[in-house]
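Chemist: Use the sequences and the hints to build the structure in full.
So the chains spell out like this:
Number of protein chains: 2
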Amino acid sequence: MRPTPFTDSVSTLPEQLRKHIDESNVFATVATIGTDGQPHLTVVWLVRDGDDLLYSTTVSRRQYRNLIRDPRATVMIVPPESPYVYAEIRGTVTVEPDPDRALPDQVSLKFTGKNYRDFNPSGADDPADRVIVRITPAKVHSRI
Amino acid sequence: MRPTPFTDSVSTLPEQLRKHIDESNVFATVATIGTDGQPHLTVVWLVRDGDDLLYSTTVSRRQYRNLIRDPRATVMIVPPESPYVYAEIRGTVTVEPDPDRALPDQVSLKFTGKNYRDFNPSGADDPADRVIVRITPAKVHSRI
Numbered sequence: 003m004r005p006t007p008f009t010d011s012v013s014t015l016p017e018q019l020r021k022h023i024d025e026s027n028v029f030a031t032v033a034t035i036g037t038d039g040q041p042h043l044t045v046v047w048l049v050r051d052g053d054d055l056l057y058s059t060t061v062s063r064r065q066y067r068n069l070i071r072d073p074r075a076t077v078m079i080v081p082p083e084s085p086y087v088y089a090e091i092r093g094t095v096t097v098e099p100d101p102d103r104a105l106p107d108q109v110s111l112k113f114t115g116k117n118y119r120d121f122n123p124s125g126a127d128d129p130a131d132r133v134i135v136r137i138t139p140a141k142v143h144s145r146i
Numbered sequence: 003m004r005p006t007p008f009t010d011s012v013s014t015l016p017e018q019l020r021k022h023i024d025e026s027n028v029f030a031t032v033a034t035i036g037t038d039g040q041p042h043l044t045v046v047w048l049v050r051d052g053d054d055l056l057y058s059t060t061v062s063r064r065q066y067r068n069l070i071r072d073p074r075a076t077v078m079i080v081p082p083e084s085p086y087v088y089a090e091i092r093g094t095v096t097v098e099p100d101p102d103r104a105l106p107d108q109v110s111l112k113f114t115g116k117n118y119r120d121f122n123p124s125g126a127d128d129p130a131d132r133v134i135v136r137i138t139p140a141k142v143h144s145r146i
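Protein chains in written order, with the numbering used here: chain U, 3 to 146; chain G, 3 to 146.
Chain U regions said to be covered by chain G (calculated; three or more residues, Cβ under 8 Å): (1) 42 to 54; (2) 76 to 84; (3) 88 to 94.
By construction, these hints were calculated from the structure, which means they are not laboratory data.
From a predicted model like this one, the values you see are computed outputs, not experimental measurements.
The beta-carbon is built from N, C-alpha and C at its ideal position, and this holds for glycine as well.
Modeler: The following block contains the structure:
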């Protein structure tokens, strides 16, 4: 692979990457650190708040328990239509409560045009508390 | 997300996942473990040999140095046309020499229809030794 060179590593999101996150439906792969040190990977719907990346999860998920134990996360964003163009973002996570379950609806409306409950009833019925995972970039390595 | 349930965790590749890997161009995200424990993510062209996943890299890459230090890797496969369907594969890596640089050509022909040199001249000119990374699954968690 590697048909294009990397940009230098920075701690903010390059303009092209911001544009991609804002204008596309970004299914990002998020790596957290398991109890045994092995990376745990999940796919999430991702949105942006300034330079931070946000996604929704629940307190019952393994990735949440991993982040509470070790708040470091690494994110890979690959535009499906341009798989040679991608960004690896290493960051530190803070977790915020989402008592009104607002983020799942916000993101579901962007990604599917439906409220979260209409898109995924069983997900919406999960009684576990919803939280917002906020990833603040420390290093961004991209060829976007 | 989560519109479909997970299959149980297994240590072999489900038939549907094999079929997807064989018949599609799989750009997989591979997580290795950095010196500080934080996951390092890259995107690779992936092919299959039985239950093992194979990709090519060089001995100058960080992911290679990570794997020599700690041979655990986690792979995420997401079909771009079906992003709600995915597989997380945790495995252990063995590294094999590739003195004839055969794997880059094999995979490039599958993915691009061109020899690796024709697709990516600067990559082919990289003098660093090529190796085959072979990931043997220990746990496969999928909804494919």
